[in-house]
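A.B. asks: Sequence:
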Amino acid sequence: MIDLDDFVQRTGIARKVLTTWIEREWLVAEHPGTLQLSEMDAARARLIHQLEGDFGINDEGIEIVLHLLDQIHGLRRALETMQRAGPAGQGRVTRRGSRLRQRYYRLGKRRP
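Here our numbering runs 1087 ahead of the position in the sequence shown, where the first position is 1.
In case anyone wonders, no lab produced these hints; they're calculated from the structure.
Treat the hints with caution; some may be incorrect.
Stated by the list, open to error - Pairs of lysine to aspartate or glutamate, DMTMM-like flavour, derived with a Cα cap of 25 Å:
no., residue 1, residue 2
1, K1103, D1093
2, K1103, E1167
3, K1103, E1126
4, K1103, D1141
5, K1103, D1092
6, K1103, D1146
7, K1103, E1139
8, K1103, E1117
What the hints assert, rightly or not - Cβ pair distances, simulated, as ranges:
no., residue 1, residue 2, range
9, R1097, L1155, 19 to 27 Å
10, Q1123, L1156, 35 to 43 Å
11, E1139, R1171, 18 to 26 Å
12, R1171, I1144, 16 to 24 Å
13, D1141, L1162, 20 to 28 Å
14, R1102, Q1170, 35 to 43 Å
15, L1162, E1126, 29 to 37 Å
From the three backbone atoms N, C-alpha and C, an ideal C-beta is built for every residue, glycine too.
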């Protein structure tokens, strides 16, 4: 885990900008109420910075990109679980997939 000051040094992104991203929930601390972020958050912050700077994507576009990336990662985890479960675990995986689908529908309604 990385505190916000170290995070600013590692990523080169201004603290105020990171704070805004945290408020928008583009970056989410693993433990609510703390400003401890992970290496994955650092990679995500660099991606957001690149989307804004290099590609000129606006805030609404970044929301969509991040939402789609989160869906891809969730689906990838579900697929890995299904592959590990094999035929005997298909029912459990199907129920988990239904819960994931419901979660993403709720997220989609919350975000553009």
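A.B. asks: Compare the structure with each hint and give your call.
C.D. replies: Hints versus structure:
1. K1103 - D1093: OK: K1103 and D1093 at ~14 Å, within 25 Å.
2. K1103 - E1167: Cα-Cα ~37 Å, so violated.
3. K1103 - E1126: Roughly 19 Å between the alpha carbons, so the hint for K1103 and E1126 holds.
4. K1103 - D1141: 20 Å, holds
5. K1103 - D1092: Since the Cα atoms of K1103 and D1092 sit roughly 11 Å apart, the hinted pair holds (cutoff 25 Å).
6. K1103 - D1146: 16 Å, holds
7. K1103 - E1139: Satisfied, since the Cα-Cα distance of roughly 15 Å is no more than 25 Å.
8. K1103 - E1117: Holds, at roughly 20 Å.
9. R1097 - L1155: 19 to 27 Å: 26 Å, holds
10. Q1123 - L1156: 35 to 43 Å: Hint violated: Cβ distance 22 Å, outside 35 to 43 Å.
11. E1139 - R1171: 18 to 26 Å: Because 37 Å falls outside the window, the suggested range is violated.
12. R1171 - I1144: 16 to 24 Å: 36 Å, violated
13. D1141 - L1162: 20 to 28 Å: 27 Å, holds
14. R1102 - Q1170: 35 to 43 Å: Taking Cβ atoms as reference, R1102 and Q1170 lie about 41 Å apart, which means the hint holds.
15. L1162 - E1126: 29 to 37 Å: 22 Å, violated
Figure legend: structure checked against the earlier numbered hints; hints not met, in rising order: 2, 10, 11, 12 and 15.
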